[in-house]
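Top line first, the protein sequences correspond to chains A and B. Quick note, the first sequence lines up with residues 1 to 174 if you use my numbering. Quick note, the second sequence lines up with residues 1 to 154 if you use my numbering.
Any given hint could be a false lead.
To be verified - Sample of chain B residues facing chain A (criterion: CB under 10 Å; computed from the structure):
hint, residue
1, Ile30
2, Ala34
3, Tyr41
4, Ala55
5, Trp60
6, Gly87
7, Asp125
Said to hold, decoys possible - If you only want the chain A side, here are some residues facing chain B, beta carbon under 7 Å, derived:
hint, residue
8, Tyr2
9, Val10
10, Ile17
11, Val22
12, Ala25
13, Leu38
14, Gly40
15, Gly98
Hints are computed from structural coordinates only; laboratory data are not their basis. Backbone N, C-alpha and C fix where the C-beta goes; we use that ideal spot for every residue, glycine too.
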Amino acid sequence: MYIRPSFNQVLRQALWIVFLAVVAALIYNSVRPNGISLMGAWAPKVLSSGVVAPPSYISGEDAPVINLSESMTAFNSGQAIFLDARKQADYEAGHIKGALRCFLEEFDAEYPLVKDKLPKDALIITYCGGDECELSLFLARNLKTEGYANVKIFFGGWEEWVEGKLPISTGENP
Amino acid sequence: MKNLLKSKYLAFLFRLILGCFFVYASFDKIAHPAEFARIVYNYHFLPTSAINLFAVILPWIELMCGMALILGLFVESASLLIGFLLGIFIVALSSAVIRGLDISCGCFSTASSSEKVVWDTIIRDLIMLMLVVQVYYGYGGFGSVEKLLGRRRV
Numbered sequence: 001m002y003i004r005p006s007f008n009q010v011l012r013q014a015l016w017i018v019f020l021a022v023v024a025a026l027i028y029n030s031v032r033p034n035g036i037s038l039m040g041a042w043a044p045k046v047l048s049s050g051v052v053a054p055p056s057y058i059s060g061e062d063a064p065v066i067n068l069s070e071s072m073t074a075f076n077s078g079q080a081i082f083l084d085a086r087k088q089a090d091y092e093a094g095h096i097k098g099a100l101r102c103f104l105e106e107f108d109a110e111y112p113l114v115k116d117k118l119p120k121d122a123l124i125i126t127y128c129g130g131d132e133c134e135l136s137l138f139l140a141r142n143l144k145t146e147g148y149a150n151v152k153i154f155f156g157g158w159e160e161w162v163e164g165k166l167p168i169s170t171g172e173n174p
Numbered sequence: 001m002k003n004l005l006k007s008k009y010l011a012f013l014f015r016l017i018l019g020c021f022f023v024y025a026s027f028d029k030i031a032h033p034a035e036f037a038r039i040v041y042n043y044h045f046l047p048t049s050a051i052n053l054f055a056v057i058l059p060w061i062e063l064m065c066g067m068a069l070i071l072g073l074f075v076e077s078a079s080l081l082i083g084f085l086l087g088i089f090i091v092a093l094s095s096a097v098i099r100g101l102d103i104s105c106g107c108f109s110t111a112s113s114s115e116k117v118v119w120d121t122i123i124r125d126l127i128m129l130m131l132v133v134q135v136y137y138g139y140g141g142f143g144s145v146e147k148l149l150g151r152r153r154v
């Protein structure tokens, strides 16, 4: 005959399971080689320029950041190449006018498709959805690895560009 | 219907299914805490100071509850916890889908190319929640370590 534990007993045992899990997790995290800090720095960074960057942005090491008005200036000069780091469907739904695209998560497949249109010394401005989107940051890092010297990140991205009612286009080709 | 809810054979089967799911789900997260923390962050669901702690502890709760279900130890408590976790997952996933976040689920893998959060993910969790309810009510010590050990005068 099986005697079901009372709900109180069930709760108490559940707390024990959680307690054991917490102890095991903390011990394992502290002795393992790739353990992480228990208080991670996940808050978005506000840079000295006022631009809000994702927490993983490293000032001084990552590509410089530009705001909306600097992006506009670069856009109007016609000298900059905007590179959209979002996936194809988002790009086709709407992108900064003239921007090329290279979806970060498919970088190995998509970079060769745009490589010829990206001179190594050109000013390349990466962007993605906006707000705290990090695709533009990682795309900029990949481009740096590929040898691009003049990459900038526009974290305001698509969201700010649309809010600013600036030129956009839709569809596959820029 | 009531018979199904009380069936010890079904409870045994569901225990094994759920247990394997949760043990399997915990492995990759335990192996890659930093990647998992990033996925938790992407949900924008927790206060930023709680993200790493959550990412470190959650997979261990999954692992222990999964093991408890497979072995047949403290089954009611483990299923209660798993039900609670599934509830949290369903709320977090739903809020991600409703807000239109394009993020990795982080359900079984921490790789960035893994499964995306979509309604299917939520339906899978709802189905698991139903299995948990059956295990909670249907478990009667059948096929368990508890029975082998003679604990609780099974």
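Here's how the hints hold up against the structure:
Taking 10 Å as the C-beta contact cut-off toward chain A, the hint placing Ile30 of chain B at the interface holds, the least distance being around 8 Å. The restraint placing Ala34 of chain B at the interface with chain A holds, with a minimum CB-CB distance near 5 Å, inside the 10 Å limit. Interface restraint check: Tyr41 of chain B against chain A, minimum CB-CB distance 5 Å, threshold 10 Å, status holds. With a least beta-carbon distance of about 7 Å to chain A, the hint placing Ala55 of chain B at the interface is held under the 10 Å criterion.
For Trp60 of chain B, the interface hint holds, the least distance from its beta-carbon to any beta-carbon of chain A being 4 Å, beneath 10 Å. Taking 10 Å as the C-beta cut-off, the interface hint given for Gly87 of chain B is violated, the closest approach to chain A being about 14 Å. Nearest Cβ of chain A to the Cβ of Asp125 of chain B: about 19 Å, over the 10 Å cut. The hint is violated. Residue-level restraint check for Tyr2 of chain A holds (minimum Cβ-Cβ distance to chain B is 4 Å; threshold 7 Å).
Look at Val10 of chain A: its Cβ gets to within about 5 Å of chain B, closer than 7 Å, so that hint holds up. Given the 7 Å rule on beta carbons, the hint for Ile17 of chain A holds: about 5 Å separates it from the nearest Cβ of chain B. Hint on Val22 of chain A holds. Least Cβ distance to chain B is approximately 5 Å, under the 7 Å limit. The criterion of a C-beta within 7 Å of any C-beta in chain B is met by Ala25 of chain A, whose closest approach is roughly 4 Å, and the hint holds.
The interface hint given for Leu38 of chain A is met, as the beta carbon of that residue sits about 5 Å from the closest beta carbon of chain B, less than 7 Å. With a cut of 7 Å, the hint placing Gly40 of chain A at the interface with chain B holds, because the nearest CB-to-CB distance is about 4 Å. For Gly98 of chain A, the interface hint is violated, the least distance from its beta-carbon to any beta-carbon of chain B being 24 Å, above 7 Å.
When the structure is compared with the earlier hints, violations turn up for hints 6, 7 and 15 and for no others.
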